[in-house]
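Peer 1: Quick note, the sequences are listed as chains A and B, same order.
For the first sequence, position 201 (counting from the first letter as 1) is numbered 201 according to UniProt numbering, and the numbering increases by one without interruption.
For the second sequence, position 122 (counting from the first letter as 1) is numbered 122 according to UniProt numbering, and the numbering increases by one without interruption.
Just so you know, these hints were derived from the structure itself, not from any lab.
Even glycine gets a Cβ: it sits at the ideal position worked out from N, Cα and C.
Among these hints, one or two may not hold up.
From chain A, some residues computed to sit far from chain B (all C-beta separations above 12 Å) [as the list claims (entries may be wrong)]:
(1) Q16
(2) D33
(3) D34
(4) T64
(5) R70
(6) G115
(7) E119
(8) E139
(9) G141
(10) E168
(11) E176
(12) V178
(13) D200
(14) E211
Pairs of lysine to any residue, SDA-like flavour, derived with a Cα cap of 20 Å [said to hold, decoys possible]:
(15) K149(B) x Q255(B)
(16) K328(B) x N205(A)
(17) K144(A) x N205(A)
(18) K264(B) x N205(A)
(19) K117(A) x K149(B)
Restraint-style ranges between C-beta atoms, simulated for each label pair [claimed, not checked]:
(20) V84(B) x K95(A): 34 to 42 Å
(21) I71(B) x K95(A): 42 to 50 Å
(22) D222(A) x A419(B): 25 to 33 Å
(23) A419(B) x E247(A): 53 to 61 Å
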Amino acid sequence: MSEVLNVPTMAEMMAQGKQPEVLFWVGCAGSFDDRAKKITKAFVRILNRANVSFAVLGTEESCTGDPAKRAGNEFLFQMQAMMNIEVLNAYEAKKIVTACPHCFNTLKNEYPELGGKYEVVHHTEFLKSLLNEGRLTIEGGQFKGKRITFHDPCYLGRANNVYEAPRELIQKLEAELVEMKRSKAKGLCCGAGGAQMFKDSEPGNKEINIERTEDALETKPDIIAAGCPFCNTMMTDGVKNKESEGEIKVMDIAELIANAQDL
Amino acid sequence: MSYLDNILFAIILGLGISFFTINIKKIIRNIKLGQDVNRSNNSSQRWANMAMIALGQSKMVKRPIAGILHIFVYVGFVIINIEVLEIIIDGLFGTHRAFSFLGVFYTILIGSFEILAFLVLMAVVIFLIRRNIIKLNRFISSDLKGWPKSDANYILYFEIILMSLFLLMNAADYHLQLLDFGHYERVGAFPISQFIEPLFNGISEATVMVIERAVWWLHIIGILIFLNYLYFSKHLHILLAFPNTYFADLNPKGQLDNLESVTKEVKLMMDPNADPFAAAPVDATTVSGKFGASDVQDLNWVQLLNAYTCTECGRCTSSCPANLTGKKLSPRKIMMDTRDRLEEVGRNIDNNNGIFVPDNKSLLNDYITTEELWACTSCNACVEECPVNISPLSIIMDMRRYLVMEQSAAPLPLNAMMANIENNGAPWQYNQQDRLNWKNE
Numbered sequence: 001m002s003e004v005l006n007v008p009t010m011a012e013m014m015a016q017g018k019q020p021e022v023l024f025w026v027g028c029a030g031s032f033d034d035r036a037k038k039i040t041k042a043f044v045r046i047l048n049r050a051n052v053s054f055a056v057l058g059t060e061e062s063c064t065g066d067p068a069k070r071a072g073n074e075f076l077f078q079m080q081a082m083m084n085i086e087v088l089n090a091y092e093a094k095k096i097v098t099a100c101p102h103c104f105n106t107l108k109n110e111y112p113e114l115g116g117k118y119e120v121v122h123h124t125e126f127l128k129s130l131l132n133e134g135r136l137t138i139e140g141g142q143f144k145g146k147r148i149t150f151h152d153p154c155y156l157g158r159a160n161n162v163y164e165a166p167r168e169l170i171q172k173l174e175a176e177l178v179e180m181k182r183s184k185a186k187g188l189c190c191g192a193g194g195a196q197m198f199k200d201s202e203p204g205n206k207e208i209n210i211e212r213t214e215d216a217l218e219t220k221p222d223i224i225a226a227g228c229p230f231c232n233t234m235m236t237d238g239v240k241n242k243e244s245e246g247e248i249k250v251m252d253i254a255e256l257i258a259n260a261q262d263l
Numbered sequence: 001m002s003y004l005d006n007i008l009f010a011i012i013l014g015l016g017i018s019f020f021t022i023n024i025k026k027i028i029r030n031i032k033l034g035q036d037v038n039r040s041n042n043s044s045q046r047w048a049n050m051a052m053i054a055l056g057q058s059k060m061v062k063r064p065i066a067g068i069l070h071i072f073v074y075v076g077f078v079i080i081n082i083e084v085l086e087i088i089i090d091g092l093f094g095t096h097r098a099f100s101f102l103g104v105f106y107t108i109l110i111g112s113f114e115i116l117a118f119l120v121l122m123a124v125v126i127f128l129i130r131r132n133i134i135k136l137n138r139f140i141s142s143d144l145k146g147w148p149k150s151d152a153n154y155i156l157y158f159e160i161i162l163m164s165l166f167l168l169m170n171a172a173d174y175h176l177q178l179l180d181f182g183h184y185e186r187v188g189a190f191p192i193s194q195f196i197e198p199l200f201n202g203i204s205e206a207t208v209m210v211i212e213r214a215v216w217w218l219h220i221i222g223i224l225i226f227l228n229y230l231y232f233s234k235h236l237h238i239l240l241a242f243p244n245t246y247f248a249d250l251n252p253k254g255q256l257d258n259l260e261s262v263t264k265e266v267k268l269m270m271d272p273n274a275d276p277f278a279a280a281p282v283d284a285t286t287v288s289g290k291f292g293a294s295d296v297q298d299l300n301w302v303q304l305l306n307a308y309t310c311t312e313c314g315r316c317t318s319s320c321p322a323n324l325t326g327k328k329l330s331p332r333k334i335m336m337d338t339r340d341r342l343e344e345v346g347r348n349i350d351n352n353n354g355i356f357v358p359d360n361k362s363l364l365n366d367y368i369t370t371e372e373l374w375a376c377t378s379c380n381a382c383v384e385e386c387p388v389n390i391s392p393l394s395i396i397m398d399m400r401r402y403l404v405m406e407q408s409a410a411p412l413p414l415n416a417m418m419a420n421i422e423n424n425g426a427p428w429q430y431n432q433q434d435r436l437n438w439k440n441e
């Protein structure tokens, strides 16, 4: 593709003697997973459009250590954390935005004690603040009147009590926000958390993502909105399993906003 | 002669309270077997949580039917205990309805006790129906096979008996009051037991008085038995819900503690000036030489308090994604297993003059299997659901830590994931140098 994304790195910024407004923590999924890379790019397009001064760590970024910590490997987690904190502190990072609730939770809650103190926001919160400050306008575009249901990521919702930012953004699209029977604090997990993403599930009678996809399908949505690259994968697989991928799309909030404006 | 009653009463009361105190001391000793964790910060927030969640039942009513019925039983229990105070005074000093000097207030008091007792009876009957006739999923799951199921029913039967005795006692009293018999002065109001009172018509006054006394004694003895039953039962929550909500973790639910012992080692590892050949520093603050938990003594005392507080309602399990999809994991069972093992360790200490003698058993494997531990998605649904802020998740995580850091016993795909993070900074096998490639794709 010939599109030009403006993605400065912290190293480039520093060389120019500049400090960005916010550091965009891309995360492993956002960097390497084909589906999640689209979310990353959609978010960057919005940042570019809104003239936000941001930078990424690029090749200096490394896994936050979340899956290792949730798998029980505190050593590996703390090694990752301390390496990342060294890099972040060297760049004097103040504010971090990320599109991954797992990175968000770890950076926000688990890094401070290890010496990494930053203001950390999820990309939906960041987009909402851009909107409130008048730096970003959101139009309904192709999503006007569409039925959109939002799947709460555990690490954004229950873990950190962020429920409203993604919903307000959906409503700004002039879409019809429909809630699943289990939502917000009672939202059902997609099945990926706690390092489950990287292993087979234990014997049972159903996969968790299928159970959750059924919740979503009950709302007869046009789109299942997600705010986490792992939830996105799980729900996308669930929709495919239900052979509904023709009618129902699974999209990140950032993609909804970028696509609505043909970014 | 008449002092005999009072002495007998004092003896029974003393026995009841001392047995209870002995057992509570055992519970405290067992909880203290846990590792230290500091939960003394932010006491205003802690008091507020206790007031809202334990006293105010704010999380109970998230499931309205059970929540409201539970409030009847809870308020009934708390308020009717004022009556127990009167019974104790009457019993010790040979008075009859010692608080009746309160006049109109006493009338209102007794009247409201009666209505509450009736509401408690109603709620308890509905609870029995929910458990034994409707058979709600969370009450018939395999977690509750055997003793836990009986325990739940015994508690409900107990409450029926106590409330019935209370109303019967009042009915007999009221009957005698109407007849202006003996010292039965016309005090109190009996909105419920007035309907039981006609049962005594045609029975001699002396017999009714014997019934009144007998029921009075049975009621207070019943209460003392119930008090002592708590130790053996999940019903301990009526006391422990308060400290449990006070000491619960105040951090965001997503925040998992960072192991300090690991921080020390990692810092040493990353310190270019560290002497690799130096002997390991002797550190008096290292309480346990073990990473993670394989037995109850490795857990912290709040987790052990959690285990004693759990009343096995099963809201956690009924919202657990792993359990909902047929996996073995049940957060309720995690808590029940922790308590069962802790009590086993406690008995071991009792039988060995205060010292724990290794019994070749542990919480891990003998109670909680690795299959259960690895099924958790760490989604916090169980923590969110718990009406008294118990965290089954924290126990699961500590046990995973033991499996991975002490036993290298992670499932193979997780070992691969961790090796990737270690080698190339991502859970998948991609080169860290390719991290920004998406920009140009």
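Peer 1: Evaluate each hint against the coordinates.
Peer 2: Hints, verified against the model:
| no. | hint | result |
| --- | --- | --- |
| 1 | Q16 | holds (18 Å) |
| 2 | D33 | violated (8 Å) |
| 3 | D34 | violated (9 Å) |
| 4 | T64 | violated (10 Å) |
| 5 | R70 | violated (5 Å) |
| 6 | G115 | violated (10 Å) |
| 7 | E119 | holds (15 Å) |
| 8 | E139 | holds (26 Å) |
| 9 | G141 | holds (24 Å) |
| 10 | E168 | holds (21 Å) |
| 11 | E176 | holds (27 Å) |
| 12 | V178 | holds (21 Å) |
| 13 | D200 | violated (7 Å) |
| 14 | E211 | violated (5 Å) |
| 15 | K149(B) x Q255(B) | violated (34 Å) |
| 16 | K328(B) x N205(A) | holds (10 Å) |
| 17 | K144(A) x N205(A) | violated (38 Å) |
| 18 | K264(B) x N205(A) | violated (43 Å) |
| 19 | K117(A) x K149(B) | violated (49 Å) |
| 20 | V84(B) x K95(A): 34 to 42 Å | violated (58 Å) |
| 21 | I71(B) x K95(A): 42 to 50 Å | holds (45 Å) |
| 22 | D222(A) x A419(B): 25 to 33 Å | violated (41 Å) |
| 23 | A419(B) x E247(A): 53 to 61 Å | violated (40 Å) |
The structure fails hints 2, 3, 4, 5, 6, 13, 14, 15, 17, 18, 19, 20, 22 and 23 (numbered hints given earlier, in ascending order).
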